[in-house]
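Given the sequences, and given the hints that come with them, work out the whole structure.
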Amino acid sequence: MLEIKNISKRFGGVIALNGCTFTVPRNKITALIGPNGAGKTTLFDVVSGLIRPDDGQILLDGTQFVSQRPDAIARAGISRTWQQVRLFKYLTMLDHLVLAESNEDAKMFANLASQPRLKKDTYQNIIDRFGIDRPLDTVVTELSYGQRKLLQLAMALHRSHRLLLLDEPVAGVNQIIQEKIEKLLTDLKDKNETVVIIEHDIEFVRRLAHHIVVLDQGRVLAAGDPNVVLQDRRVIEAYLGA
Amino acid sequence: MFTPYATHILILIGIYALLGLSLNLVLGFTGLLNLGHIAFFGIGAYTSALLTLAGVPFPLALLAAGLLASVFGFFLMLAVRKIKGDYLALVTLGFSFVVYSIFLNWTGLTRGPLGIPGIPKPSLGMFTLASNQGYLVLVLIIVVLTSLFLWRLTRSRFGRVLEAVRDDDLAASVLGKPVFRLQAQSMMLSSFIAGIAGSLFAHYLTYIDPTSFFLSEIILVLTIVIIGGLGSLRGSVIAAVIILVIPEVLRFVGLPSAIVGPMRQILYAVLLIGVLLLKPRGLFGRVDLT
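Residue numbers (the numbering used here), protein chains in the order written: chain A, 253 to 494; chain B, 41 to 330.
By construction, these hints were calculated from the structure, which means they are not laboratory data.
Just so you know, even glycine gets a beta-carbon here, dropped at the ideal spot from N, CA and C.
If a hint is listed, it holds; no wrong ones were tucked in.
Derived, one-sided and incomplete: chain B residues facing chain A with beta-carbon distance under 10 Å:
#1 Ser196
#2 Gly199
#3 Val201
#4 Ala204
#5 Asp207
#6 Ala212
#7 Val214
#8 Leu215
#9 Leu222
#10 Leu229
#11 Gly271
Rendered as structure tokens:
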């Protein structure tokens with residue numbers, strides 16, 4: 253599905269990614285774990301096209317896309333969330349869901365000529381399913397942090413996608429929202445979605461992931477079945493502790 | 041219908057409303073702090089003046105003024121595509137200085153500081169708009185059509201995408217929105233309208249020189265947009281009325297003519313500070329000035 257081949261990225265004297273290589277299997281949930289500064293979010297930024305790597309290749313279903321722009325990569329079917337929620341602060345929840353739905357809205361003349369009717373019931377169903385108990389026309393700055401995390405996840409899932417990149421989806425949210433998000437992610441597992449998730453909660457990862465990749469200092473320390481990888485002595489030393 | 045004085049003020053309000061509306065599209069709706077906007081006004085004015093003096097009919101010159109300004113808008117956007125925030129403001133301000141210098145120094149084309157006199161009043165087919173009342177009708181028609189077009193555009197799904205780019209261009213790009221194309225389209229449309237405003241300005245005054253397209257004019261247009269409110273078309277039109285009418289009051293106070301000019305600048309500054317203190321988003325704004 254997604255092949256990361258020998259990706260390296262240096263910021264001045266800091267090596268963020270150092271020959272990182274692994275494969276994300278199709279229809280599985282892959283957890284990307286590792287200590288702070290291991291290069292996990294940098295890798296997401298490279299895959300999303302926000303950072304150009306110094307070296308290496310990324311292939312999605314065999315197609316190389318390292319030199320493409322972020323919007324082209326997104327349209328190729330990669331959908332992502334952010335560790336620190338990034339939403340459009342003057343727009344409503346409805347606006348966000350419509351923006352996520354398609355890219356037909358970026359065509360100026362076509363949109364001047366005609367305006368499709370908004371399917372408010374569809375969007376209402378989405379926010380109901382995600383448990384965001386606020387009206388659709390709520391401006392996002394009025395939402396709690398947890399609700400914003402849920403909206404961000406709703407947008408990523410609502411977009412037409414082949415691969416989901418979820419950057420710490422439960423970080424910074426309360427227990428109730430965490431349970432909601434875990435339930436939604438378990439649904440993704442049942443639907444055989446292809447997901448890469450960055451997460452620090454090892455028990456959460458153990459419950460959710462089919463496959464684990466451990467990053468340390470920009471390189472892959474171990475990869476494979478969670479039960480095997482989490483017992484690996486190098487992983488315990490570098491990340492989990494004694 | 042109106043006295044010649046009122047007609048004169050209304051024509052200027054119309055022209056500055058076009059400048060305010062167009063700057064608001066690129067600044068209030070797309071988030072690009074473009075301080076080079078006045079250069080497009082100048083490019084439109086000079087293009088239209090030179091073409092009509094060369095015998096080109098006014099409607100074609102008007103269109104060419106918009107199109108050439110739009111082409112410059114595209115190249116400016118291309119040059120600043122990787123620049124954001126304060127740096128974008130500085131580079132676009134630099135662009136307006138470069139264009140001003142060209143107006144001033146390319147004397148073979150623009151006559152430099154002597155300016156271009158004798159710009160013909162516009163002819164539309166068999167009609168020559170020699171009277172200011174007729175010219176006012178033309179300006180009002182263009183203001184109304186521009187306002188309706190921008191109203192439709194900004195309320196469309198496309199307008200929502202522009203607002204998303206304004207709020208967070210990176211987040212918009214990972215949703216699949218082609219950010220540079222969207223910004224370029226907004227800039228080109230904005231500069232097209234500014235070019236049209238420049239043409240109307242040149243053919244109304246029948247004389248232009250580089251001083252009409254300098255820094256003080258950028259501040260005036262920016263003041264209109266900020267007082268009216270970012271992201272509000274209605275605000276830009278109303279602010280154009282306020283900004284152009286209030287200083288006229290000074291004419292009737294009986295101040296010496298040497299004081300009236302500086303007093304206008306002081307009045308603009310007081311108005312700007314007052315509005316921002318009382319209503320930080322301007323009169324009708326939906327977006328903070330950050």
